[in-house]
Every structure is written in structure tokens, then in C-alpha cells.
Amino acid sequence: MSLRDRIEDAPDAALEQALKNFRSSVHAWSEAAYSRPRTAVSVVRHRSWRLAASCALGCALVAGSVTGVVHERHHRQEMAMAAARAAEHERQVAAERARVEDEDLLATVDSDVSREVPSALEPLAQLMVEDEAKVSNTSK
Amino acid sequence: MKTSTKVMAAGTALEPMATAAAEEIAAQDFTCVVQNHRPQIFRFLLASLRDVDLAETLTQECFLKAHRNWGSFRGESSALTWLMRIAINLQKDHWRNRRMQFWRHTQNNSVDLDEASEWLPSGESSAEQQLLAREQVKRVWKSVAGLSERQRTVFLLRYVEERDLSEIAQATGLSEGTVKAHLSRALGKVRAELGGKR
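If you read the sequences in order, they're chains A and W.
The opening residue of the first sequence carries number 28 in the working numbering; numbering runs sequentially from there.
The opening residue of the second sequence carries number 238 in the working numbering; numbering runs sequentially from there.
Bound conformation, chain A alone (with noise of 0.2 Å):
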């Protein structure tokens, strides 16, 4: 008679020798597995190669993360020098500029100033273009 017929047959009481079957078996394992040699230094062993790994990765992690902070701040320096040389390259340029400028304005004053006859002066002037026209006639 296979296991099925027997189920069909009376359900309950299969059901319960099945249940008996089961306590059984997980009795035997446990006890077999309860008074069984214990091995620990494989897992020793792993741990310590986790620990390895975790206290390299740390160390990684932290000399990165200084390297990075190190870097960072050399740039913001290199930069903030960078700009400053610049503003005085720029406050120079400015101020030559200014220097030319006024250089060139005090010329262009001096000549208009050179070249202007003042108003009094007028009448005399075209006497003297006159003269000089007169000289240069006669010696002809």
C-alpha cells in the first residue's frame, strides 16, 4: 500500500503519524547536530581577513578624503594668487593709462594755447603778414 492510499484512507491518522515522523526526524538532526565537533577557526580566520579589509578600506577612505581636502585648498590659494596678480596687473595698466592721458592732454593744452593769439593782439598780427608780404614783393 503506497503512502497515498494510506492518506486517503484515514487522513487524521496519517496526518498525525506524518507529524510524528516529523517530530522525530528534527529530534534526531538536532541531537546529531547539537553533540557534533565544533570548528571555529575558519570563521576566526574570515573575520580577520573582514577586519583587514574594512581597516584598508578606512584607511583608504580617509587618505582620500585628505588628499582631496589638501588639493582642494592648494587650488583655492593658486587661485586666490592668480587673482590677485591680476588686480595689480590691472590697477598698473589703469594707472599707466591715467599717466598717459594726462600727458597727452597737457600737450594738446600747451599747443592750442601756443597756437592762439590772444584778441588785443590781432590788429598787430596782420601788420606783420602785410610787412612780410610787402618785403617779399620789393625783392622780386
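Some hints could be false.
List time: in silico EDC-like cross-link candidates among lysine to aspartate or glutamate, alpha-carbon distance up to 20 Å [claimed, not checked]:
(1) K379/W with E298/W
(2) K375/W with D39/A
(3) K329/W with E355/W
(4) K417/W with E386/W
(5) K302/W with D290/W
(6) K47/A with E399/W
(7) K47/A with E398/W
(8) K426/W with E386/W
(9) K375/W with E365/W
(10) K375/W with E58/A
(11) K329/W with D290/W
(12) K375/W with E386/W
(13) K417/W with D39/A
(14) K426/W with E43/A
(15) K47/A with E355/W
(16) K47/A with E430/W
(17) K375/W with E430/W
(18) K329/W with E298/W
(19) K426/W with D39/A
(20) K47/A with E372/W
(21) K417/W with E43/A
(22) K379/W with D39/A
(23) K379/W with E149/A
(24) K375/W with E43/A
(25) K375/W with E398/W
(26) K302/W with D266/W
(27) K379/W with D401/W
(28) K375/W with D288/W
(29) K47/A with D401/W
(30) K47/A with E365/W
If you are wondering where the hints come from, they were derived from the structure by calculation, not from laboratory data.
Let chain A serve as the given structure and place chain W on it in line with the hints.
Only chain W this time, still in chain A's reference frame:
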């Protein structure tokens, strides 16, 4: 003056002695509890997890936790029920942690159902009976693997550890009615596996 000093000294010395004695008694009690109940806790965890190493680890954790809280155990339930409750909570924490750490490659040492079904008491039965019993055990394991966590806990406490309903209710923190309902559903699934699928 001398007499009063002596009395005071004796009085102050008595208190630490009493405390030490009480601690020693408590330690002896706990040792007895460990010796008596360790196999049962291990068996329950083994049946729940099907992993010998994990069951051993959680059994150790269970007794460590029990030792730390031994002073707060008031004896409202039996020591075994109290220990079972700790073991159930540890098992829940374990499953929760495994779900949270799904991205990690967690080592799984659970034995498969065939291997778990191999264990049978070497008894007086014939080869045919042994084969039949192995087949039944395999089917029960299969249905137990398909139960929810709570149904499995209740089922194992009832049919492997042979606890009564009130003890199961105390250990799981459920009401007796809920325990009955879980047990009924679990039994229904086992019955269906035994009588239905072939």
C-alpha cells in the same frame, strides 16, 4: 565607642556578603537553566532556520541575552517559555536583517529539504516503513517551508516542541485565539501537502 564601631563594621560587612551569596545562587540557577534548556532552544532554531551554524550562533546569543536579563526575569512564565520568546525575537531580527541586507552576498548554509528529511531515528521499523516515513517527513518539511514566519513558529512550537497553546501564546506574544488560527491554517497546508500533491 569601640563596641559601636564594631557593630557598625559588622553591619556594613553583612550587606555585601548577602549580595554576593544572592548573585552566586542566581548564577547557579542560570547554569541549571542553560543545561536543561539549551538543546531545546537549539532544536527550535534549527527547525526554524534549517542551518546548523546559524542555529548555534543564535542559541549562544539567546543565552547571552538571557544571562544579561536574568535579574529581570520574574518567573511569570516558565524559564523555557521566556527563553523561547528571546529565541523567537532573535530569529525575527535575523530575518529582518537579511531582508535589509539583500545587496550583500550573505552566506546561506541552510540544508535542502531532502537532506533535512534524511534524519530519522534508527529504529525497529522495516526498510519500507523507513522509506514511507522519509517521504512523509519530506512533505511536511516542504509544507513548513511554505508557511509564513508566524505560522511556522507556532507549528514548530506545537508539533516539534510539544508546547501547549498557552505557552505558545506567551512565547509569541499572541493571544490563544490567534495561535489557534495560525495553527489551524498551518495544519491545513500540511494536510493538503500530504493528501493533495503526489
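Hints, verified against the model:
1. K379/W with E298/W: violated (28 Å)
2. K375/W with D39/A: With a Cα-Cα distance of about 18 Å, the restraint between K375/W and D39/A holds, given a limit of 20 Å.
3. K329/W with E355/W: Given pair K329/W, E355/W is violated - Cα atoms ~27 Å apart, limit 20 Å.
4. K417/W with E386/W: holds (15 Å)
5. K302/W with D290/W: Satisfied, since the Cα-Cα distance of roughly 18 Å is no more than 20 Å.
6. K47/A with E399/W: holds (11 Å)
7. K47/A with E398/W: holds (11 Å)
8. K426/W with E386/W: Holds - the C-alpha atoms of E386/W and K426/W are around 14 Å apart, at most 20 Å.
9. K375/W with E365/W: holds (15 Å)
10. K375/W with E58/A: Since the Cα atoms of K375/W and E58/A sit roughly 19 Å apart, the hinted pair holds (cutoff 20 Å).
11. K329/W with D290/W: holds (17 Å)
12. K375/W with E386/W: holds (19 Å)
13. K417/W with D39/A: Holds, at about 18 Å.
14. K426/W with E43/A: holds (14 Å)
15. K47/A with E355/W: holds (15 Å)
16. K47/A with E430/W: OK: K47/A and E430/W at ~16 Å, within 20 Å.
17. K375/W with E430/W: holds (10 Å)
18. K329/W with E298/W: holds (13 Å)
19. K426/W with D39/A: holds (14 Å)
20. K47/A with E372/W: Satisfied, since the Cα-Cα distance of roughly 13 Å is no more than 20 Å.
21. K417/W with E43/A: Holds - the C-alpha atoms of E43/A and K417/W are around 17 Å apart, at most 20 Å.
22. K379/W with D39/A: holds (19 Å)
23. K379/W with E149/A: Distance ~130 Å between K379/W and E149/A Cα, so the pair is violated.
24. K375/W with E43/A: Cα-Cα ~15 Å, so holds.
25. K375/W with E398/W: holds (19 Å)
26. K302/W with D266/W: Distance ~15 Å between K302/W and D266/W Cα, so the pair holds.
27. K379/W with D401/W: violated (24 Å)
28. K375/W with D288/W: The given pair, whose Cα atoms are some 16 Å apart, holds under the 20 Å limit.
29. K47/A with D401/W: Measuring from Cα to Cα gives roughly 16 Å; hence the hint holds.
30. K47/A with E365/W: Since the Cα atoms of K47/A and E365/W sit roughly 17 Å apart, the hinted pair holds (cutoff 20 Å).
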